[in-house]
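Position chains G, C and E against the provided structure of chain S, taking the given hints into account.
Protein chains: 4
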Amino acid sequence: MTAQLGARTWVVPGGHVPFPGHGPEPQFTSFDQLCVLNATDQDTEVSLDVYYEDAEPVGPYRILVGARRIRHVRVNDLIDPEAVRLDRPYGCLLRSRVPVVVQFLRQDTRLPGVVALTGVMAHPA
Amino acid sequence: MTAQLGARTWVVPGGHVPFPGHGPEPQFTSFDQLCVLNATDQDTEVSLDVYYEDAEPVGPYRILVGARRIRHVRVNDLIDPEAVRLDRPYGCLLRSRVPVVVQFLRQDTRLPGVVALTGVMAHPA
Amino acid sequence: MTAQLGARTWVVPGGHVPFPGHGPEPQFTSFDQLCVLNATDQDTEVSLDVYYEDAEPVGPYRILVGARRIRHVRVNDLIDPEAVRLDRPYGCLLRSRVPVVVQFLRQDTRLPGVVALTGVMAHPA
Amino acid sequence: MTAQLGARTWVVPGGHVPFPGHGPEPQFTSFDQLCVLNATDQDTEVSLDVYYEDAEPVGPYRILVGARRIRHVRVNDLIDPEAVRLDRPYGCLLRSRVPVVVQFLRQDTRLPGVVALTGVMAHPA
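Residue numbers (our numbering), protein chains in the order written: chain S, 1 to 125; chain G, 1 to 125; chain C, 1 to 125; chain E, 1 to 125.
Honestly, I wouldn't trust all of these hints.
[To be verified] Stretches of chain G that chain C covers, calculated by requiring three or more beta carbons in the stretch to come under 8 Å of a beta carbon on chain C:
(1) 15-22
(2) 69-83
(3) 108-121
Keep in mind the hints are simulated off the structure, nothing from the lab. As the structure is a computational prediction, the values presented were derived from the model and not from experiment. Cβ coordinates follow ideal geometry from the N, Cα and C atoms, glycine included.
With the rest of the complex left out, here is chain S:
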């Protein structure tokens, strides 16, 4: 029954990894993060395409999420096929073989001694 939880396609238009960050790594680094929950009984590979303002989309990036598992991935850590550059506007489109749910989170520590957080549920498409 849980196999139908969520959707196979999700969209986040408002990506932008803040730069630089201040404070101990990794917990106080500036980051954008994608959080995926896979409640099904099958492992899945989430395929991620990154869209830019002034260039063709780059991808697919591949994120493995096991059956009955979550995965929180920092966009800063996506390096294959190429690193997602910091301080550059982007959006992303995620596709999964099985239904999942995707949430987006940003932590901004550009100012020393300050943490700002924001996030949204991705849009299921």
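Chains G, C and E alone, transformed into the frame defined by chain S:
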């Protein structure tokens, strides 16, 4: 008529209770919180399963929400069947006997003298 | 055509007006806010019921939103039939005669020299 | 297949560009931002109408978003047919010829040395 408000299943993929917190407890503690509104005329028990990156889901945690009531529960306070550990990524899946609406909130006070807030509506599945 | 934009019923489970606030009023007061957009060509009255953890719902509060207008209302300012108390968990249910869209915003200035913001789109029911 | 991602109409009721801002421009300016992702193979023109509490809607503002591109636009920068005033409540309604996804972000730097962030996915109508 209000009996049909909301959904019976809700998902939050991006849980992570910040640790530590600073400032007077309980109002300035770091926390993740689940907020449930039950507009129906029946009490409900919300059953909560917690998903992790590297272990099988844990649950069900049980949250009682009376008829025509809200309930705001800090994830930090969920201890049965086992405490949800702080500073560990998780996601959660909530199921209710009657339709409810679920919102997620995080308060981060890891830095002294700083409050960061973020939240999302859970995804109705 | 725009008459069908949105929904007639909206839910926000996670209300809690922070208290106290610091800084010049009204712009730096701590508040919860409901933001309503009425794109139709008819004035509407939004009827608001407030739900609590330990008491029956209170309402209706009435919010007038003109045709082709927005209205941003601080929950702190709702006083009829009774004031919504600060620092007390609540949720709310909004009903409109015509379809509208509702967003929720919180500003937390409990710590001097700190502003925290969070918000969600209300859940259309 | 991606041509059907998203919706043609989106609504954000809770606009309000914070004023003033502190810190180096443009990265620390106070702003409201609209983030649009167009995953289709056609360029699109997004038509934006701005709604107020006490005046008729103003628009259309026009935002071009290329095929397979994102666009992040600060509301502060919308000046034609007239500038969106700072520190004034507004809402907006976006229409696109092709399906897109729209996210809203606010950065508040009214207090020196403080960054507050909040955002929501716009409501697809």
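Evaluation of the provided hints:
1. Only residues whose beta carbon comes within less than 8 Å of a beta carbon in chain C count, and the stretch 15-22 of chain G has 0; fewer than three means the coverage is violated.
2. Interface restraint, the stretch 69-83 of chain G with chain C: holds (4 residues with C-beta to C-beta distance below 8 Å; minimum three).
3. Chain C is given as covering the stretch 108-121 of chain G, and this holds because 9 residues of the stretch bring a CB closer than 8 Å to a CB of that chain, at least three being needed.
Violated hints amount to a single one, hint 1; each of the other numbered hints is respected by the structure.
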